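Let chain W serve as the given structure and place chains D and B on it in line with the hints.
The residues making up each chain are set out below.
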Amino acid sequence: MINDFNYLRPGTLKEALAMYEEHDDCKVICGGQSLLIVMRQGMIAPENLLDIKRIKELDYIKFDKKEGLRIGATTTHRSIEKSDVVKKNYPVLVSMENKLASIQVRNWGTIGGNIAHADPAGDPAPVLIALKANIKVGSAKGDRTMPLEDFFVDYFETVLTKGELVLEIQVPPPEPKTGAAYQKFNLLESDMGVVAAAASVTLDGNGKCKDARIVLGNAGATPRRVKRAEELLVGKALKESLFAEAGKIASEDCEPVADIHASEEHRRHLLGVLTKRMLKQAWEQAKA
Amino acid sequence: MNKYTVINPHSEFKVINTHVHNIDGIAKVTGRATYTFDVKLPNMLYGKILRSPHPHAKILKIDYSRAMELPGVMGVVTGKEDTLGIKQGIWRRYQDLCDEQVLPVDKVRYIGEPVAAVAAITEEIAEKALDYIDVEYEVLPAVYEPLDAIKKEAPEIHEGFERNINVTRHIEWGDVEAAFEEADYIREDWFKCGGQAHMCMETRAAVSSYTPDGKLTIYHSNQSPYYMQGLMAGVLGMREGDIRVISTYVGGGFGGKFELDGAIFCSAVLSRKLFRPVKIVFTREEDFIATKRRTPMFYYVRTGVKKDGTFCAREAKVFTNGGAYTGMGATALYLTGFFHSFPYRWKAYRYDGYRVYTNTLPSTSMRGFGAPQAMFCSEQQIEWIAADLGLDPIDMRRKNSHHEGYEVPGQATIASCGIDQCYDEIRKWINSKGKLPANRAIGISACGFMSGGIFNWFDTPYSFSSAVVTINQDGTVELYVGAQEIGQGSNTTLAIICAETLGVKIEDIKVHSGDTDHCPPDLGAWGSRQTLMAGNAVKMAAEDAKKQLLEFAYAQSGYNIVYDLDIKDRWVHAIARPERGYDYGELVKKAIRGKDGQKIVGRGYYTPHRKGMISPAYSYMLQGVEVEVDEETGKIKLVDSMTAHDCGQPINHLGLIGQLEGAFSMAAGYGYLEYMPYEDGKLMNPNLVDYKMIRATEMPPANIAEIDTYEPEGPYGAKEAGEGLTNPTAAAIGNALFHRFGIQMKECPIRPEMILNALKEKKEKEKEKKGKK
Amino acid sequence: MEKILLQLNVNGQGYELYINPKTLLVEAIRDHIGLTGTKRGCDTVSCGACTVMIDGMSVKSCSVLAAQAEGTRITTIEGLEDNGKLAPIQKAFIDHGAYQCGFCAPGMIMSAQALLNENPDPTEWEIREGIEGNICRCTGYNSIVRAINATAKGKYTEDRS
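Residue numbers (my numbering), protein chains in the order written: chain W, 1 to 288; chain D, 289 to 1061; chain B, 1062 to 1222.
Isolated chain W, as found in the complex:
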């Protein structure tokens, strides 16, 4: 049973920030696809619930060749999945969204809610971090923007302070000769990942690796980059043996936790395999 709460329903962002500032023990709900489950389990029982689902100001997808992509926090997963500009410029985001839970969840769940929930198995964060995304958060006192990878602190914990909302996800414009890929390992198509890996690869004029990012999902408390493996690749002419080596590093530089779905050892193994595969996929796209 969900505990009783005081329901706050602002109409505008300004109102929302003011209400959030004003109320202690306040939790924010947007799509609520994860939140209502944990509330039903009694794991979260806030006194106040601030509903920002209807704040239309934050429901947008904007793209600009210079600025890149900006997605408002209350934009649904399904809007991102179906967006033509996203499809054209960041196809990896579309394929990631397409595999995120079920259509019903994507129809109502939002990108801001997903990120703020900070489930280490969440799909968007690893991909967005691989794409070097920033996150803009704000309170009644003002906004701040930071790299998304700095946003996560621990299991279900973020840097958000009292009164602060996720406002926007910003993805830099796609670089030329860049590819990005994401895959999770799961038993059912609609499942969260047992583990997941995202990779992006940018090549220079000579076909060597100019830049690479590897981000693991559900491999510890937060989405984590495998910098040691990234460094291995940068500056090199890429080949499959390097991806295998990067995969091996990924399987070492992670802290997955065993549960009934997979042992720690199996997870490490899978992270290695997925890293290797995603790097190869990203590389092939970058070459094309």
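One or more of the hints may lead you astray.
[Said to hold, decoys possible] Below, computed lysine-lysine pairings styled on DSBU-like, alpha-carbon distance capped at 30 angstroms:
1) K923/D / K82/W
2) K132/W / K82/W
3) K227/W / K923/D
4) K925/D / K1214/B
5) K88/W / K210/W
6) K328/D / K1064/B
7) K793/D / K1216/B
8) K793/D / K239/W
Since the hints were derived computationally from the structure, they do not count as laboratory data.
This structure is a prediction, so every number in the text was calculated from the model and none was measured.
Then chains D and B, alone, in the frame of chain W:
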């Protein structure tokens, strides 16, 4: 998307095996169907059950005074204060197997077992009140695995059951030792088969209403209102006639809904105490942790064959995890041993089964009733033996298979058997595939299944069904059956049999089922019994009614020739001169006028006397599954499948396809997804996030070749179709892995990590071999 | 906790509810408005039995607060039928035997209808993805896929006869 073909089709029927829509279709696709979950009675209270957090503990004291102070709480019941403490079980004729008090009086034996129940004006208050019931326990040592529980030093779960052995079963024929002597090759393996949740979409639910006249009405989601009525009368000390059980629409059963559950028992006890209707609906978590499950089994199999593939002898020993209570587990223990011999002719066979109590969720019947476990072990070992001997696995199976007229010594006589053609169909399908991609392989598995258990441990020596047909003045027909519709389509199948027999249209039939006040007694939906048993009862009732109609027809017809009359498609006619006749409605009107306005009433029943130990008839099938495996991750994907299936004469065309496809999806889940891990007696995934089931995206095509045989014991030659197909798939998946990688999967569900471990082990062994050379 | 006054539009009909704000949409629909066609099969937004359409999109009504649905058009299984005439998708489910126990059918049909709303000619895979949020324990899904496919192909017309 799916191919469905019929081999040897018959077509003399007007209704049978035609495209008849399920008769409850409109109700179900429009939201009108009212399940127990939807029932709301005036003045109704909501109940919740307090459950044991301990796997094994004495209940020392229950203090619910604080709960009673909560506004809105109307009452609390406990085993000690509010029940007769009767130990009950579905094996009612065997006292020592009646071992479960639904609300235990002094001891709990698994985590989740009911301890007390509370009724309040809202569900929320009832749930809150659970926190205010104080229970003092004395925690006892617990044991969770059968091989631990049979040890001498293991804690005693039920008094007087030495080494926690609940039931043993023995099946034997032939001279086993001598037959093994004849074998050129003997192989032995140990297997571990997992449990499985029934996972009915409608969780266990009941609404009980006890009234001051001493009558109890219960709406309940179950597979056998008849059993519920009997069991409830027993535990409440009431007369069966004073209890009415209504189960109109039931959201799934699969073998899990014909024993007393906490919902029906606690709601009734609360209602009797408070004289108000009480509704209890299990949450999904309660449904996982506190109902029952498919029986986990440890299987030892030893098989001896000749070089040419002739089967000589088989010996099997099985230890099953019975969990805390017997339930239907004793039957599953016998059937797994019996079907482990299927569908082959063993010169000698010996089976010893031990059902062992543990401090876990009780295990019971579930679709397949012990056979999926049996086939997982048998059909894989047979595949390995064929490989060991360098024989074709289909030819080897075929050579040893049952055939018409075969007698399973002392157990059964096979009157119809289409398995020979099944082999042809699957061979054809495999050949049509050509060369498979490197990451794919096909596995096959054969099996057979019963078409109605002959046994009844409840009241009579044999299983039985009954039906009543009444014909209204306008020719419409009321069909009363005790058979229970749980989604398998029995109401439609029985309506089809009734319409065909009477010679009327399907829309003339109205089926009454799921109500003990108005329907004749019948053991209900289990053991694949309804098509054959209830079907025969309906056929007999319809023939009885038809005969009465035709008596009038004969009496009034002026034919001056030798003739036989019949009704087909509402047309009363002489068989020899079908064009000469008249409308059925006219005949009914006259007949009823002749009977002074009394309805035509036909009665029918069926009971399988002298039909062996198990079942009057057996279905047969062979399945092929094309499996794709990711060698690096161990992930399995089912790509395609083909089942050749002999269910005798198909009756309900749409229903048959649905049953075969549905059973396959459940069987596939058992094979590689549906996993029930316990830690210290606690189920680790009691929710639909962590308990994985086949979804639309995982389901491959389920192609079917229906081998149309004629079963003399079945109505119009029909046999079961709903349950047998749960049996072969886990083994077929295992066999595909064997053919692709040479690995032997001895545990199910087959999970990715197990596949990788097996691959690793195989590589290491190969390395060792090379090193030795 | 303060109760809230809500206006919900369900199947074209306005309802005024005065309820606890924690009330889920499925509870509002079933327990307060009394439309019990919509079912519940889990507590983890997994099974899809509670699927309804919000502004034509499929949503699991157990994952939404009733208050969040204010101002939208909610359609439940009862709203597909038009004065006794079934919608094509409902006819297709009957004709293909795309349900057995029927408990998942209302949610399944709403997912199917929402899919066809936005994608009138889906591929088989798109159909499967469209219903992957709905569990059916009985049918094995293929008959459901066939029913949706046949509806998309226009086999069951709007004439609603």
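- Holds or violated: are the alpha carbons of K132/W and K82/W at most 30 angstroms from each other? holds, 22 angstroms
- Hint consistency between K227/W and K923/D [alpha-carbon to alpha-carbon, up to 30 angstroms]: holds, 28 angstroms
- Pair hint K328/D and K1064/B, alpha-carbon separation not exceeding 30 angstroms: holds, 24 angstroms
- Starting from K923/D, check that the Cα of K82/W is at most 30 angstroms away, please. Cα-Cα ~29 angstroms, so holds.
- Given pair status - K210/W, K88/W, alpha carbons within 30 angstroms: Given that 30 angstroms is the threshold and the Cα spacing comes to 23 angstroms, the pair holds.
- Item | Holds or violated: K925/D to K1214/B, with C-alpha atoms at most 30 angstroms apart | holds, 28 angstroms
- Task: Below or equal to 30 angstroms on CA atoms is what counts here, so check K793/D against K1216/B.
- Result: Cα-Cα ~25 angstroms, so holds.
- Task: For the pair we were handed, K793/D and K239/W, check the Cα-Cα distance against 30 angstroms.
- Result: Since the Cα atoms of K793/D and K239/W sit roughly 71 angstroms apart, the hinted pair is violated (cutoff 30 angstroms).
In summary, the structure is inconsistent with hint 8 from the numbered list given earlier, while agreeing with all the others.
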